[in-house]
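Going line by line, the protein sequences match chains A and R. Heads up: the first sequence runs through residues 5 to 256, numbered per our numbering. Heads up: the second sequence runs through residues 4 to 413, numbered per our numbering.
None of these hints come from the bench; they were simulated from the model. Take these hints with a grain of salt, some might be off.
Residues from chain A that face chain R, not an exhaustive set, calculated with beta carbons under 8 Å [what the hints assert, rightly or not]: (1) Asn-12; (2) Val-103; (3) Val-227.
Just so you have them, the derived chain R footprint on chain A, three or more residues with Cβ under 8 Å [unchecked claim]: (4) 28 to 36; (5) 80 to 91; (6) 112 to 120.
Just so we're clear, the structure is a prediction, and the values are computed from it rather than from any experiment. All C-beta atoms in this analysis are idealised placements derived from N, C-alpha and C, irrespective of residue type, glycine included.
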Amino acid sequence: MAFIEIHNVTKHYSANGAGEGAAVLRDVSLAVEEGEFVLIVGPSGSGKSTLLTVLGSMNQPSRGHVLIDGVSVYDLSPERRADFRREYVGFVFQQLQLVPYLTALENATLPLSISRLSNSAQAERAHEALRRVGLETKAHRLPGALSGGEQERVAIARAIVNHPPLILGDEPTGSLDSKTGKEIMELFRELNQSGLTICMVSHNPENARYASRIIRLIDGTVVEDSRHLLRTPPLVAVNSPEFQDLDKGERV
Amino acid sequence: MRVYDIALKNLNRRKGRVAFLASALAIAIGTVVTLFSLTKALQESVGAQLDQYGANIIVLPRSETLSVSYGGFNLSGISYDVRALTDQDVEGIQSIPYRNRLSVVAPKLLRSVVLAGNEYVVAGVDFPRELRLKQWWEVEGRRPENADEVLVGYVAAKQLGLIEPVAENRISAQEHSHAPPSGQSFRLVARPLSIAGRDFRVSGVIRETGTQEDRFIFADLKLVQQLFQSPGEITLVEISALCNGCPIEAIVGQIAAGLPNAQVSAVQQAVKARMQTVEKLVKFSYVLAAIVLLIAFLVVTVSTMSSISERTREIGILRAVGFRNTHVLQMLFTEITAVSLLGGVLGCLAGLVSAVLASPYFVEAAVRVRPDSRLFLVSLTLALFVGLLASVYPASRAARLDPVEALRSL
Numbered sequence: 005m006a007f008i009e010i011h012n013v014t015k016h017y018s019a020n021g022a023g024e025g026a027a028v029l030r031d032v033s034l035a036v037e038e039g040e041f042v043l044i045v046g047p048s049g050s051g052k053s054t055l056l057t058v059l060g061s062m063n064q065p066s067r068g069h070v071l072i073d074g075v076s077v078y079d080l081s082p083e084r085r086a087d088f089r090r091e092y093v094g095f096v097f098q099q100l101q102l103v104p105y106l107t108a109l110e111n112a113t114l115p116l117s118i119s120r121l122s123n124s125a126q127a128e129r130a131h132e133a134l135r136r137v138g139l140e141t142k143a144h145r146l147p148g149a150l151s152g153g154e155q156e157r158v159a160i161a162r163a164i165v166n167h168p169p170l171i172l173g174d175e176p177t178g179s180l181d182s183k184t185g186k187e188i189m190e191l192f193r194e195l196n197q198s199g200l201t202i203c204m205v206s207h208n209p210e211n212a213r214y215a216s217r218i219i220r221l222i223d224g225t226v227v228e229d230s231r232h233l234l235r236t237p238p239l240v241a242v243n244s245p246e247f248q249d250l251d252k253g254e255r256v
Numbered sequence: 004m005r006v007y008d009i010a011l012k013n014l015n016r017r018k019g020r021v022a023f024l025a026s027a028l029a030i031a032i033g034t035v036v037t038l039f040s041l042t043k044a045l046q047e048s049v050g051a052q053l054d055q056y057g058a059n060i061i062v063l064p065r066s067e068t069l070s071v072s073y074g075g076f077n078l079s080g081i082s083y084d085v086r087a088l089t090d091q092d093v094e095g096i097q098s099i100p101y102r103n104r105l106s107v108v109a110p111k112l113l114r115s116v117v118l119a120g121n122e123y124v125v126a127g128v129d130f131p132r133e134l135r136l137k138q139w140w141e142v143e144g145r146r147p148e149n150a151d152e153v154l155v156g157y158v159a160a161k162q163l164g165l166i167e168p169v170a171e172n173r174i175s176a177q178e179h180s181h182a183p184p185s186g187q188s189f190r191l192v193a194r195p196l197s198i199a200g201r202d203f204r205v206s207g208v209i210r211e212t213g214t215q216e217d218r219f220i221f222a223d224l225k226l227v228q229q230l231f232q233s234p235g236e237i238t239l240v241e242i243s244a245l246c247n248g249c250p251i252e253a254i255v256g257q258i259a260a261g262l263p264n265a266q267v268s269a270v271q272q273a274v275k276a277r278m279q280t281v282e283k284l285v286k287f288s289y290v291l292a293a294i295v296l297l298i299a300f301l302v303v304t305v306s307t308m309s310s311i312s313e314r315t316r317e318i319g320i321l322r323a324v325g326f327r328n329t330h331v332l333q334m335l336f337t338e339i340t341a342v343s344l345l346g347g348v349l350g351c352l353a354g355l356v357s358a359v360l361a362s363p364y365f366v367e368a369a370v371r372v373r374p375d376s377r378l379f380l381v382s383l384t385l386a387l388f389v390g391l392l393a394s395v396y397p398a399s400r401a402a403r404l405d406p407v408e409a410l411r412s413l
């Protein structure tokens, strides 16, 4: 059994909450092994982010099943699903993802604040997470006093502070300059190499070099699933015809 | 870090909003505290004034015969009491559980005498108590200071030649009274009054009251008991109960329980009038308080809704990192609890200060607005109740927020 299994997932969004709207995901089936670095690409509106939130146990599919580590997450109660999310999944978003009135350390501590860990144990783990992302010296700064790249690092620290096996990233480098974006992707690669499974949505073709697998969605359907890529970067030359093919329809 | 730490840090960041919410609650609670403090002081003031109107309970011996009317009450025939009251009965009255509610207990022994061919009533009284009870008496002359001095009713004094027209020396039994003299001006004629073979000095004459007391001669109780060979005997006891919110029926019941030989009656009319006044004041303050609290409720609801709308993204992040609905609720209610307590404390203090400042315009100087620990607790409870109740709907909406929808606002 794969670490993540998605069976025939369909997701509709209705405009007013009544009836079935247009399908954002259509009969998607996937299996992700533990330790994979999956890059999800596709044009805007293709269902990438929806797939990510479905994977992250935050978005109940209209049909189909999602199993993570053998647990059918949408069969859990909403409260148990929140607990599952805290234990199994770390989220990293594109921007504005930190709580503005909490310091970097406190933001990194957030998932632990509802655990039974003592305050000192929480702080110790948050410090370690910040050290891992190279931001220990700015632990007591508020998000407003951090650069975009530093904020992204804090978000990564928060995602890993609970030692979850799965990290989900929704365009984490989307608002960063290319240099900072590369640094962040290097961080993700390190995390992946340490054994974490990573699923990431990205528009940036350069990020493909860090992935071991690229899934392309169009209109909510998986049109390509490239497992042949190797994990050692650079996996695919950014300007190679192979990547251009993978990210067709998107800006390159 | 705990959930309440997050809540408190958020409050620290949003000082303006906290100040607005706390002020809204403080104004509401302050208004309620002012209202209730003033109402309470008004109750005491009105109660104190009403209590000065005289007796509201009367104790008579049980008797089959009713022949004399006194002070608006029917008294049993003076000569036909089956079982007379005694000094011990008066002591019994003063030892009931509600004794601290009894303002004045004034025992009397009534005996009829014939002087110069006319029939009068000699009333043996305890003068300090009697004068405290009959604060409306206006005494021409002075109050009795010795046992051989008497006060005489206006009609009796006139018929017995104890006064003559045009006099200036008038004092009032009601201290600090500035009321003008009533009735015809007269002065005392210095001559003794002989009752049952003993001469008394007339220290003063009570101006006309329009009651049977105008035909009374008031003398010292012990001396009258001695003169009429009735040691320890009491005809009736007039009681002024401080009935500012007191259970008059319970007091009557307690006195009756201690005096099985007596007939204890409450002056229902006076009591009802007092109670109606008090009830109207209380109802008025309840209505105003309810309106003010309703406004505060709406202000808190709208402000909390707006605050939560602004924090959709933040709530989405918390839900994404694994916060349960209950954790979000816990955070929001911690915030509103802190704000409500702040509003409650400020409101209570502001209300008390306002009440103290406003009280001279509403109540007598003798009645003061006093800080009350119960009022403080009630203020905090009320602020918490309004704050939490007003936040239930916005907070439950926030807790039910779909994390995906919330994160879309990123």
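Would you pick out the hints that fail for this structure and give their numbers low to high? 1, 3 and 4
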